[in-house]
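Visitor: Below are the chains, spelled out letter by letter.
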Amino acid sequence: MDTLLELIAQSGFQGLGWRNLVMFFVAGLLIYLAVKKNYEPLLLIPIGFGAMLANLPAAMLSASSGYHAQPGETLPLLQFIYNMGIKTQLLPPVIFLGVGALTDFRPLLSRPITLLLGAAAQLGIFVAALGAFYLFGFKAEEAASIGIIGGADGPTSIYLTAILAPHLLGAVAVAAYSYMALVPVIQPPIMRLLTTAEERAINMPQARPVSQTAVIIFPVFITVLTALAIPSSAPLIGMLMFGNLLRESGVTDRLSKTAGGALINIVTIFLGLVVGATMQGDTFLSPQTLFILVLGAVAFAFSTAGGILFAKLLNLFLPEGKRINPCIGAAGVSAVPMSARVVQKFVSEHTEGRVNPLMAAMGPNVAGVIGSAVAAGMFLALLR
Amino acid sequence: MENPNLLVICLNAFAAVLGLLWVLAIALRGLIELFPEKAPPKTDAAVAVAIASAANAILPGARVTRIEEIR
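In order, the protein sequence lines correspond to chains A and B. Going by my numbering, the final residue of the first sequence carries number 459, and the count climbs one at a time with no gaps. Going by my numbering, the final residue of the second sequence carries number 73, and the count climbs one at a time with no gaps.
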């Protein structure tokens, strides 16, 4: 009988509170959205499951930046992965390696001007950061971590937040990936609001072909220039471009396949699970999380608007035949390739299939990946 | 960091992102000018005659002025 009572005393039921139950619901919601709505399932399922594990009382499966092991104590499983993968800033750059191996930068190379749209579409990062700081009272480091959600780039958001505001990691990651999944809902109304029928009908001329030599030199070129200008962006940009060089060199097929296949999948599992494990009820269930979700939406909206408005501004200076369809500016947020697909669908529907800017939109879309990594590097340089 | 002026930081950061990507855009323009894609080989005469005769069979009197291979 004593043994039974002791077992009951040691069980998790003893420590189960309302926060755990709410977090089970949140975890279930994330898994539901991933399974039923196909919202970023590769990330939301590990995050959702990690959140559930983190809120099992006495299971020791949570992770936090403030955990300090006692001398001789073995680290709990997910805390160990957190310390090895997040605290060391290892996992997000490895994801970038895989992204580089999976990304074709030719649409950007064939239209270098679209890099500017990828830069302008980072506007939301700074608007949301300012809102978080001045309206909601977040500290500067926290505000920057919230703002980076507007870059629509999960690994960059996790990378920056893990360094500047690790206690917000769960909320920022969930907001980033949720809004990335909601790009088809968020962007079309903004494109409709900011463009005229005439602008949507701009049919951009076919992009010039790009030589294989230029494609191979591109990642080296971007890495050197960017890392020299903003060294703190080098881990992300360097790994992104290294992955791309593996892809484009044509002689490292095995490495490219590993980086863009098994490696990115393994790292995604660890990253998602451990981000979920930071979502303990007592820290996650706070007004701050709600503010972060609101500010994330604001960041996305302003980033979309920034890209579109900058394309319209460029059109004032471009000759008639070289004008840009401003809708492709919306693809400057780096949710690749979803944002470009949303632009394609929107423009095609509004022009009865006459204008199909998918390839043109891929230029700012991949430029956005570079833009958000550079923005994160700037925050690190100025706030760390 | 104590009480940083986030407005100034954000303005500087956004200007730096725009400025750097502007420089990269110019550099990329130079790169593709420096290493242009080679012009596709001219169409073989026998292929041109075959295409012209096929076009003439369908549309008598039609003249083939340009042949483009799309890969």
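Worth flagging that the hints you see were computed from the coordinates, not collected in a lab. Certain hints may be false.
As a list, the in silico DSSO-like pairs of lysine-lysine whose alpha-carbon atoms are at most 30 angstroms apart [unchecked claim]:
1) B/Lys40 - A/Lys332
2) A/Lys420 - A/Lys387
3) B/Lys40 - A/Lys397
4) A/Lys387 - A/Lys397
5) A/Lys332 - A/Lys162
6) A/Lys397 - A/Lys420
It should be emphasised that the depicted structure is a prediction, and the values quoted were computed from it without experimental measurement.
Visitor: Just to be careful, I want the Cα atoms of A/Lys397 and A/Lys420 compared with a cutoff of 30 angstroms; is the pair within it?
Guide: Judged against 30 angstroms, a Cα distance of about 22 angstroms means the pair holds.
Visitor: Given the hinted pair A/Lys387 and A/Lys397, is their Cα-Cα distance within 30 angstroms?
Guide: Given that 30 angstroms is the threshold and the Cα spacing comes to 12 angstroms, the pair holds.
Visitor: Does B/Lys40 pair with A/Lys332 here, judged by a C-alpha cut-off of 30 angstroms?
Guide: 29 angstroms, holds
Visitor: Straight-line Cα separation of A/Lys332 and A/Lys162 no greater than 30 angstroms?
Guide: With a Cα-Cα distance of about 27 angstroms, the restraint between A/Lys332 and A/Lys162 holds, given a limit of 30 angstroms.
Visitor: Verify the proposed pairing of A/Lys420 with A/Lys387, using a straight-line Cα cut of 30 angstroms.
Guide: Judged against 30 angstroms, a Cα distance of about 20 angstroms means the pair holds.
Visitor: Need the status of pair B/Lys40, A/Lys397: alpha-carbon distance at most 30 angstroms?
Guide: This hinted pair holds, its Cα atoms lying about 23 angstroms apart.
Checked against the numbered hints given earlier, the structure satisfies every one of them.
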